[in-house]
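Visitor: Here is how the chains run, residue by residue.
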Amino acid sequence: MTRISWVTLLIWCMTLGFGVWFVATRAHVETELSRMLPEGATPTERLLLTELRTGVTGRLILMALEGQDPDRLAGASKQLAAWMRESGAFQYIGNGAQAWTKEETERLFQYRYVLSPSVQESTFSGAHLRDSLEQRLSELASPVSSMGKGLIPADPTGEFMKILQTWNTWTGPTRHQGVWFSSDRGRALLLAETKAAGFDMESQERIQGQIRDAFRRIAGAPTGAATVRLVMTGPGVIAVEMQQTIQDDAWRLALWATVLVTAFLLVSYGSVSILALSLVPLTSAIVAGIVAVDLAFGFIHGITLAFGITLLGVVDDYPIHLFSHLTGENLAPAVMKEIWPTMRLGVVATALGFSALLLSGFPGLSQLGLFAMVGLFTAAGVTRWVLPHLVPAGFQARREGLQVARWADMLAKARLVVPLVVGLAIGSFVWSDTPLWEEDIANLSPISTEKTVRDQALRNELGVPDVRDLLVVEGSSEEEVLKRSETVTLALDPLVAKGALGGYDFAARYLPSRRTQQARQAALPDRETLERNLTSALKGLPFKPSLFQPFLDAAGKAKTQEPVDSRTFRGTALGLKLDSLLFMREGRWVAVVPLRGVTDRQKFRDLLSLGRDPEVTYLDLKEESNRMVGAYRNETLGLLGWGALSIGLVLLAGLRAPLTVLRVMLPIVSAIVVVAAVLHALGERFSLFHIASFLLVIGLGLDYALFFNRRQGTLRERGRTVYGLVVCSTTTILVFGVLTLSQIPVLRAIGMTAALGSLACLLFAALLAEDTRHAA
Amino acid sequence: MTFGESNGSGSLRLPAVFLIWFFLLGPATRSVAQTSPQSEPEGGSTGWNAEQLLESLARNRQAEVRFEETAFSNLLTEPLKTQGILRFTPPARLEKHVTAPYDERYLVEGDTVLFERKAKGINRTLSLQDYPALQAFVEAFRSTLANDVVTLKRFYSVTLQGEPRRWVLILRPLDKATQELVESIRFSGEREQVRVIEIRAPDGDRSVMVITGGAG
Numbered sequence: 001m002t003r004i005s006w007v008t009l010l011i012w013c014m015t016l017g018f019g020v021w022f023v024a025t026r027a028h029v030e031t032e033l034s035r036m037l038p039e040g041a042t043p044t045e046r047l048l049l050t051e052l053r054t055g056v057t058g059r060l061i062l063m064a065l066e067g068q069d070p071d072r073l074a075g076a077s078k079q080l081a082a083w084m085r086e087s088g089a090f091q092y093i094g095n096g097a098q099a100w101t102k103e104e105t106e107r108l109f110q111y112r113y114v115l116s117p118s119v120q121e122s123t124f125s126g127a128h129l130r131d132s133l134e135q136r137l138s139e140l141a142s143p144v145s146s147m148g149k150g151l152i153p154a155d156p157t158g159e160f161m162k163i164l165q166t167w168n169t170w171t172g173p174t175r176h177q178g179v180w181f182s183s184d185r186g187r188a189l190l191l192a193e194t195k196a197a198g199f200d201m202e203s204q205e206r207i208q209g210q211i212r213d214a215f216r217r218i219a220g221a222p223t224g225a226a227t228v229r230l231v232m233t234g235p236g237v238i239a240v241e242m243q244q245t246i247q248d249d250a251w252r253l254a255l256w257a258t259v260l261v262t263a264f265l266l267v268s269y270g271s272v273s274i275l276a277l278s279l280v281p282l283t284s285a286i287v288a289g290i291v292a293v294d295l296a297f298g299f300i301h302g303i304t305l306a307f308g309i310t311l312l313g314v315v316d317d318y319p320i321h322l323f324s325h326l327t328g329e330n331l332a333p334a335v336m337k338e339i340w341p342t343m344r345l346g347v348v349a350t351a352l353g354f355s356a357l358l359l360s361g362f363p364g365l366s367q368l369g370l371f372a373m374v375g376l377f378t379a380a381g382v383t384r385w386v387l388p389h390l391v392p393a394g395f396q397a398r399r400e401g402l403q404v405a406r407w408a409d410m411l412a413k414a415r416l417v418v419p420l421v422v423g424l425a426i427g428s429f430v431w432s433d434t435p436l437w438e439e440d441i442a443n444l445s446p447i448s449t450e451k452t453v454r455d456q457a458l459r460n461e462l463g464v465p466d467v468r469d470l471l472v473v474e475g476s477s478e479e480e481v482l483k484r485s486e487t488v489t490l491a492l493d494p495l496v497a498k499g500a501l502g503g504y505d506f507a508a509r510y511l512p513s514r515r516t517q518q519a520r521q522a523a524l525p526d527r528e529t530l531e532r533n534l535t536s537a538l539k540g541l542p543f544k545p546s547l548f549q550p551f552l553d554a555a556g557k558a559k560t561q562e563p564v565d566s567r568t569f570r571g572t573a574l575g576l577k578l579d580s581l582l583f584m585r586e587g588r589w590v591a592v593v594p595l596r597g598v599t600d601r602q603k604f605r606d607l608l609s610l611g612r613d614p615e616v617t618y619l620d621l622k623e624e625s626n627r628m629v630g631a632y633r634n635e636t637l638g639l640l641g642w643g644a645l646s647i648g649l650v651l652l653a654g655l656r657a658p659l660t661v662l663r664v665m666l667p668i669v670s671a672i673v674v675v676a677a678v679l680h681a682l683g684e685r686f687s688l689f690h691i692a693s694f695l696l697v698i699g700l701g702l703d704y705a706l707f708f709n710r711r712q713g714t715l716r717e718r719g720r721t722v723y724g725l726v727v728c729s730t731t732t733i734l735v736f737g738v739l740t741l742s743q744i745p746v747l748r749a750i751g752m753t754a755a756l757g758s759l760a761c762l763l764f765a766a767l768l769a770e771d772t773r774h775a776a
Numbered sequence: 001m002t003f004g005e006s007n008g009s010g011s012l013r014l015p016a017v018f019l020i021w022f023f024l025l026g027p028a029t030r031s032v033a034q035t036s037p038q039s040e041p042e043g044g045s046t047g048w049n050a051e052q053l054l055e056s057l058a059r060n061r062q063a064e065v066r067f068e069e070t071a072f073s074n075l076l077t078e079p080l081k082t083q084g085i086l087r088f089t090p091p092a093r094l095e096k097h098v099t100a101p102y103d104e105r106y107l108v109e110g111d112t113v114l115f116e117r118k119a120k121g122i123n124r125t126l127s128l129q130d131y132p133a134l135q136a137f138v139e140a141f142r143s144t145l146a147n148d149v150v151t152l153k154r155f156y157s158v159t160l161q162g163e164p165r166r167w168v169l170i171l172r173p174l175d176k177a178t179q180e181l182v183e184s185i186r187f188s189g190e191r192e193q194v195r196v197i198e199i200r201a202p203d204g205d206r207s208v209m210v211i212t213g214g215a216g
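Same order as they appear, the protein sequences are chains A and B. Once you know that position 137 of the first sequence is 137 in the working numbering, the rest is easy, because the numbers rise by one and skip nothing. Once you know that position 198 of the second sequence is 198 in the working numbering, the rest is easy, because the numbers rise by one and skip nothing.
Mixed in with the good hints, there may be bad ones.
Here are the simulated distance ranges between beta carbons [claimed, not checked]:
hint	chain 1	residue 1	chain 2	residue 2	range
1	B	A92	A	L541	43 to 49 Å
2	A	Q518	B	R87	18 to 24 Å
3	B	R87	A	K539	34 to 40 Å
Just a sample of chain B residues kept apart from chain A, beta carbon distances all over 10 Å, derived [unchecked claim]:
hint	residue
4	N60
5	N74
6	T82
7	I85
8	A92
9	E109
10	L114
11	D148
12	Q161
13	E163
14	A177
Hints were generated in silico from the structure; no laboratory data involved. Remember, predicted model here, so these are calculated numbers, not experimental data. Ideal Cβ placement from N, Cα and C applies to all residues, glycine included.
Generate the whole structure from the sequences, applying the supplied hints.
Guide: This is the structure:
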C-alpha cells in the first residue's frame, strides 16, 4: 500500500473511532414518541397534541390482578396500592378502597349549597321542605342508617347526597372486601395515574417494571391454583409493549436477513474478508448519520435510527459494485476510479431525493432526511477512498456473469413489455375500487387485536372509557370557560334525551361558575323566611324540637360564603379530575367536555347546534388524528414529487443528455407505478411508511439504472456490471423480503414495497437499458 | 378516577345504607333485653347449637310473612311504625314490601338490590358488592334463612342463647365498616319460629320488627 493510502486509512480509523466514541458517550437516543410528532398547525391540533403528551388520559395505567381466590386478590390489591402510594411515582391510585377522603367529604359538605344542582328558591319553600322531611323520616325508619342520620339536622333537604348522586353516578366496578373487582370476582381492579407523561417511554418502562417487581414480591412464587397474575394496560403500557414488539420483531427478522444475506454473499463472492469489507461503508454511514442528527437536533429518535438504517440499505450496493468489477488483474483503487462517476451521480441524486424529507414539518421526517443524506455521502466517500485500500490484491469476483449479461441483453429486446405492464398497472388503479390511502390510523398500529380487546375490557370494567368525542370550550378566564360550558351542556341534555348522546362530563359539574354559585346563594331564603317555612313544614312530624338549628345556621352562612374555585379542591382526587377537564394553555383557558355514547357522529354533529360560537369546537379525536396523519402523508408525497424533480435536474446536469436522463428515470417511475399497482391489487392501502419506502426504491432504482446505462464495451464488462446489480438487488430483496413476514403493519409495508421495488427497478432498468450491441 | 360521568340509575352510598336493615325475616315476639356480650356461643347443655337452629328454621320457614316494625331514633320524639310483607325465595331472593303508611319495596336478587317507591317515581338498582356493609347486612338474613352457616360466620360472630323452646340468636358484625352501622342483629323466637328481629345501631337507635304471621 502507498503512503497516501495509509494516511487515508488512519484518518478514517480516527474519524470512525471518534464517531463511535461520540455515539457511545454523547449521542442521546430519545424514545419519547411525542418528540417525533409535529407541533400542530391549528390551535385545536396543538391542544390535542399537548393533551396527548401531558394529559391525564395518556398517563393512566389500568391493572387487574387475576386469580382464583378473591380474598387473596383483594389482599394483593391493597398491598400493591400501598406500595404504589409509597413509591411517589403516581399522582393518583384507585383500587376502590377509598372513594372519598374524609377531608374531601368535609369540603363538599361545607359547600353543599353552592355545589348542589338542586338548590333553587322552591327547594326551601314550606311544601318542599315538608316533602324532604317526610323523606328523611322514611329513611329514619332504619336504625342502621347511623351514617346518613348524622347529616339530617344540618342537611334536611339532602343536598349533600344530591351532590354525590350527580357526581358519583358512575356505575363503577363492583367491590369485594372494599376493593374494586370485575363482576365475576376473577380480577381485582386498580387504576393509577403516573406522574410521568404517557409517552415518556423511559419513565413508563421503569415504572411499569417497578410495578411488576412489587407485584412479584407481594404475590410471591406462583403456587398452583393460588397463582395471581398481573395484567396491565393503558396508553403508556401499550406504548412500551409496542416498542418491545417492534424491537423483538425487528431483531428476529434482522437476524434472519443477516443469515440469508451473509450466505448469499458468501456464495456469490466466496470470500469472508470481502463479506466483512462490504459492511465497512454501511457501518461508517450509520455512525456518521447518528453524529450528524445528534449535533443538529440535540437527540436522535429511536424511530429515526430504525428507519434511517432501512433507508441506508441502498449504500450496501456501493461496495458490491466495486467488488463485482474486480477482475484480478486490475487494482481496486483503479476500478473505483473508473466506476466513481456513475456512482457519484447516483449518490448525489439519491441524497437530493432524501433531502426533500428535511423540509418536512414532521421532526421525525426531518431527522430521517438528515440521517440518510449524511449516511449516503459517508458511505460513498468510504467506498471511494477507504475501501479500495482494504481489498486484498488480486481478488476477483468468482463469476463473471456472462450468462447474466446475455439474459439482460435479451431483456432489452423485450422493452415493449414495459409500457404494457405500466399501462396495465395504471388501468388497475383506474378500475379498482379499493381505497388508495390508509385513512384509519388504527390499522397502522402494531398493537395486536388481543391487546386492544384486553384494554377495552379493562376500561369497561373500570369505567374509564376511551374518549373519542369531545367538546373543547375555550375562553380567556376560568370563569368565562365555566360559564360557557354550562351554557353548552344545556344544549347537550336534549341530545341525551333523544339518544344521540349517551352522556358527558364537564368541569362545571364539580366546579360551577361564580354566576351559578351566586344564583344558588341568592336562592337561599333569609333566616326569618327559612325558619317560618321550616316551622310550617315540621307541623305534625315527630322530629325533636330545634333539631334543625344547624340547618338554619348553615344556610345563613352559605348565603355569604366565598364562592368555590379550583383552589378549593387542590390536592384531592377531585382536584385531579378537575385538572384534566379544565386547564390553562398558553394563557388561554380550556374546558374539555368528554362525550360518551355518540353512535351516529354525522347526526350528532347536525343536532348539535353550537351556533357560531368560535370558542366551542366538537372534536372526534380519532378522525382528527387520522386527518393529521393524512396531512403529513400528503406533505411527504408532495416532497417526494419535489425530490423526484430535483433528481431529474441533477441527472441532467451530470449526464448532459436528456435522452439518457429519460433512460435512467423511466425504469424508476415505471417500477414505482407497477409496484404501487401490485401492492394495491394485494389490498394494501398506502400510508406514510409506503411513501418513505418508495424513497428507498428511488435510491435503488437510480443506482441500477445508472449502472445499466454506463457506456461499456465488451460483454464481459457488462456481465460484471449486471452481475453486481443482480447481487445488489438480491440482497435487497432478501433483507426486505424477510420484513414482509413481520406481524407489524409498518414493517410489512416497508418490506413489501422495498423488495418488490428492488426487483421491479432491476427488471425495468434491464428492459429499458440502451441496446449496447449497437454501441459496440 | 373515583368518580366518572354518566347519569342514569344513580347508586348512592348513603341511601344504600338506609335500606340495609329491611331484609328481616322470621317470626317472633319481643325484643330480647340485656344479654352479656361474653356469653358462650353454644346454649344449653344438650349440645344444641346455632347450626341446628338454622337447620330447623330453614325446614320450617314460610315463603311470606307479615310484619310490623317500630323504629326508635334519638332524632324523633316518637317511634316510627310501618308494616308490610317479607318474602324469601331460596336461595337468594329476598323482598321487603312496606305497605303502610306508604308503599316501598326493596328486592335483593343475587347481588342486585332494587329500591322502588312508586309514589315518588323512585326506582334504583345497585350492586350489593359495591357496599360491603350492606352485603354483610343482607347476608345476616339470607344466610340465616338459607341455612348457610359458613357465609354467616364470614360476616358475623354468632352467639346463641336460651334453649330450643325459647332462644335468641345474636349476630355481631366482624367487619369494621359494618360495625359502624350495626351493633348487633338479634333474632329471637320459639322453637322453629322467628318472632322478633331487632337491629341495634351503635348510637342506641334500634328497630324492632315483629313477625305477625303468615301472609296468606
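Visitor: Hints first: check each against the structure and report whether it holds.
Guide: Evaluation of the provided hints:
1. B:A92 <-> A:L541: 43 to 49 Å: Violated, at about 37 Å.
2. A:Q518 <-> B:R87: 18 to 24 Å: 51 Å, violated
3. B:R87 <-> A:K539: 34 to 40 Å: 36 Å, holds
4. N60: The assertion about N60 of chain B holds, with a minimum of 27 Å to chain A.
5. N74: 8 Å, violated
6. T82: Not fine: 6 Å to the nearest Cβ puts T82 of chain B too close to chain A.
7. I85: 16 Å, holds
8. A92: For A92 of chain B, whose nearest Cβ neighbour in chain A is about 15 Å away, the distance exceeds 10 Å, so it holds.
9. E109: Nearest chain A Cβ is 15 Å from E109 of chain B, so the label holds.
10. L114: 14 Å, holds
11. D148: 17 Å, holds
12. Q161: 21 Å, holds
13. E163: 28 Å, holds
14. A177: With a cut-off of 10 Å, A177 of chain B comes too close to chain A, as the shortest Cβ separation is near 7 Å.
Of the numbered hints listed earlier, those contradicted by the structure are 1, 2, 5, 6 and 14.
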